[in-house]
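Protein chains in written order, with this note's numbering: chain R, 1 to 482; chain G, 1 to 412; chain Z, 1 to 93.
Note that these hints are calculated values from the structure, not bench results.
Quick reminder that beta carbons are idealized off the backbone N, C-alpha and C, glycines included.
Don't take each hint at face value.
One side of the interface only, derived from the structure: several residues of chain R facing chain Z at Cβ under 7 Å [unchecked claim]:
| id | residue |
| --- | --- |
| 1 | Q99 |
| 2 | N340 |
| 3 | L341 |
| 4 | I361 |
| 5 | R378 |
| 6 | R384 |
| 7 | G436 |
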Amino acid sequence: MPKKQSISSLVNSLKEKKISVHELFDQFHKVAKENANNSYNLVLDPDYQKSNLEISQERYSNGKNLPLDGIPLGIKDLFCTKCITTTASSKILSNFIPQYESFVTQQLLNDGAIFIGKNNCDEFAMGSSNETSHFGPVVNPWKNKNSPTEKLVPGGSSGGSAAAVAEGSCVASMGTDTGGSIRQPASLCGLVGLKPTFGSCSRWGIVAFASSLDQAGPITNSVEDAAYILNSISKHDFNDSTSSNHPRDDYLKEIDKKLDHKIKIGIPSDYLKNVTPEIIAQIENTKKSLAGYDIEFVDVTFETTDYALSTYYIIAPAEASSNLARYDGIRYGVREEGGNLDDIYLNSRTSGFGDEVTRRILIGTYVLSAGYYDAYYRQAQKVRRLIKDDFQRVFQEVDFILTPTTPNEAFKIGEKLDPIAMYMNDVFTVPTSLAGLPGISLPSGLSANGLPLGVQLIGNYFQEKKLLQLSHLIEKELSFNE
Amino acid sequence: MSNNWEMVIGLEVHAQLKTSSKLFSSSPNLFGSEPNENVNFIDAGMPGMLPVLNWTCIEKAIKTGFALNFTINKHSVFERKNYFYPDLPQGYQISQFEFPILSEGYLEIDQPDGNTKKIRIERAHLEQDAGKSIHDIDPKFSFIDLNRVGTPLLEIVSYPDLSSAEDVVNYMSSLRQTLMYIDVCDGNMQEGSLRADVNLSIRKPGGELGTRCEIKNLNSFKFIRQAIEFEFQRQIEVIESGGSVEQNTMLFDTSTGETRPMRSKEFSHDYRYFPDPDLLPVNLTDEQINQIKPSMEELPHQKIARYVSDYKIDKDISKIIIAEKENTILFEKMVNESDVNPKNIASWLVGDIFAFVKEKNLDVLNLLEYTKDITDLLKLISDDVISNKVGKEILPQVLEGKGKPNELVKKM
Amino acid sequence: MSEIDIKRISYLAKLKLPSEKEEFYSQSLVDIIQWVDNLKKIDTSNVKPLHNVTEATVSIRNDDIEKNNSTEDVLNNAPERAQNFFKVPKVVE
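For reference, chain R alone in the conformation it holds in the complex (with noise of 0.2 Å):
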């Protein structure tokens, strides 16, 4: 894996002209163009860039430099980025040219950041190994050594981001996470992956899959450099009525501050039922790389887990099935012509979508069509009610959860075909997105094959600044980054 560069020291280099914006956007752009992993749906070139590569040099040379200038960032092709091409990845937006800047990526434009291109990801960020993209799927830049001319998959659905911080074809990459789509990935490319709480990031013009669950967050190198993007990207956003007011922290202060007080970390014995030894043994690592702090750990149980993946994929569906009918070839996309205006909403739409969203959309439309609702949609938005509980009745005797992000490591491309068997990729991570809780998968150690694994860690609503800090010593006593 290529040497990792923070944030914050490109940010002292630059400032310090060791150098400069446009040799570092080089230096990164090589490695984009190449795009020998498919993390690309399009890459940006230098001269597309060299206004904004200028601004933010005189920034420098005036030392007027903004929090994130200069550094070059993935985004996943799911943000609406203005006069730039926004796919989501399907045949039916290939085309598509957005006039307006999403929300989140505006905050980083305005933080000076540069982008180095769209990631490919799972087709509407449906997917759990970046298999379902209509631009074919993303090689994952970890080898099994034991069988190294295997193509794996990076993890989905954000899996174009995943691979490309860890190939180094960009510092950080913007993700999107509804059931896990941010901290999976991460998981399986040994990077930090952060969901954060439901709210805190706005979702206007990001391509919508589940509106109740999608949330924008970082996938990065390190704790540090998610809380730099954590600081330019969770802002209250009136065009979002789901954005929160919650008043937010400066995450990256005193992010490696000391523990000032005991910390109670619940692992729930539940999740650990039926996984391998390997998984237990990164929980087992976290727990051992903390024996010298005042941490206490301690079981607990949640009552909804077995639940939780079935009220997802009624959920999701359900939202899914509604915001994917806005593609129809009429007003923006690729049209499919035929006969009459029936047949170009049929073809449009039956051509436009891959297997997998066409089977979420009929999921989503079945569940909640007449004599069904009841029984499935409306059943699992109220056990959803009982997930959300049941993380606050844990939440009341810890104050973190720890958990493994994924049930085994990166598999092999074109490996799992069922889809349930796919489904179960995100048993860890879909509780806390349907709680609407923040998460945050860290590299905790290499499977036996070579391949990286993660932990997630789960904090309260808003914990974010308590949940980066703990990471970010969780980060320093595993120093698997070394």
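Use these hints to put chains G and Z onto chain R, whose structure you have.
Only chains G and Z this time, still in chain R's reference frame:
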């Protein structure tokens, strides 16, 4: 033949709310603009766009709640009604379903016998209007204009308490008048600000109710009357010739005056309503609701009662005045500005002044600048300075602003 | 669980499944619906549905007009247009 059949009608009225901007976007809510001029990315259903609720729409709904004796629900929820149509960019309409903002109201309408009849209203809810498909520009293509997309609508759903075309017209015009008085809707039916869907079924007196048909989108009293008469006869004929009425959505053809079923669908509709995850519930406090009360305009029936009791004006004349809100503005200005007997003002208003307005095809509000002159003239008459006859001769000149009454008198 | 009417579901979703794929999706749907059926075991008779984890009241804006885009901005991605209209084959009502 139709003597022994009666009709049972319920009405769904869509009233466009008089606001500056749309229900969930800040595009202008304007009629008659250039195609797609009032369309932003939200209205066009672009990827990632999100709705933000316009408070004025809630305020107008609450006002309607007070005016039509509704229960104003403190908790209401916007849901998505899912269906595909080219003038529905999101692929769903944001509406209220399980939890509407208003429930159980009523409106009293006049009956020919002088009594009033109470028409119960089941609910009223806020929703987005759709765009427009224009079919008559090209024989092979339809053209889509999204200007109307997202215009706030209040859908007011009555119980089937109406039993004649006359009832329906009375109900609709009384509803229109009320909504105009409280500044909720401009009442312009030609521009589609107020449209009705008529649900009609027939039965023998005391007999079982037949299957109902819904006639969509009627935007004039004339069409409402025609459509009801035609549909009533059609249903009778179907049943009397041994058939049965199929539950159907009908279109009214304004050129033939006939109703016909919309192209039948392969499968029945299933709108798959569910709470819009982009919006949170509307939770109103008593304070928010009650704050609106003092700003409530006087309602038509309240004005009639006041004119009768305070000004001793005949009920019939009061009714003529309140027929249009503009009349009351003119009338009340004259009453407030002068010490002429209001009864006297009223009789001149509904008599010579209205005749003049009608003859010249004027807007009543144009006369606002001459109210002082008008009442001065009436004073000259009541003080016996001039005769009634002379007054009538001078009035048109006063109304055209040709001079002050005493100058005009001198010139005679 | 009753049989899933894949034709009706795809009709509602405006999808025209190729006949050779109908069986594939149908089976897939049956499997997934069976898989999520475990939710029926939970007694939720006293539980209120949770629409959104943020159980606050909806945010509200003032009735102000804002224009941040041109007509061209909303039309320039259109597959087919005629002047400033979106263009589609004739809609038959």
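For each hint, the structure was consulted:
1. Q99: Hint on Q99 (chain R): holds, closest Cβ of chain Z at ~4 Å, below 7 Å.
2. N340: For N340 (chain R), the interface hint holds, since the closest Cβ of chain Z sits about 5 Å away, which is under 7 Å.
3. L341: This interface hint holds because 5 Å falls under the 7 Å limit.
4. I361: Nearest chain Z Cβ about 5 Å off; hint holds.
5. R378: Holds, because the Cβ-Cβ distance from R378 (chain R) to chain Z comes to roughly 6 Å (cut-off 7 Å).
6. R384: holds, 5 Å
7. G436: Holds. Min distance 3 Å.
Checked against the numbered hints listed earlier, the structure breaks none of them; every hint is satisfied.
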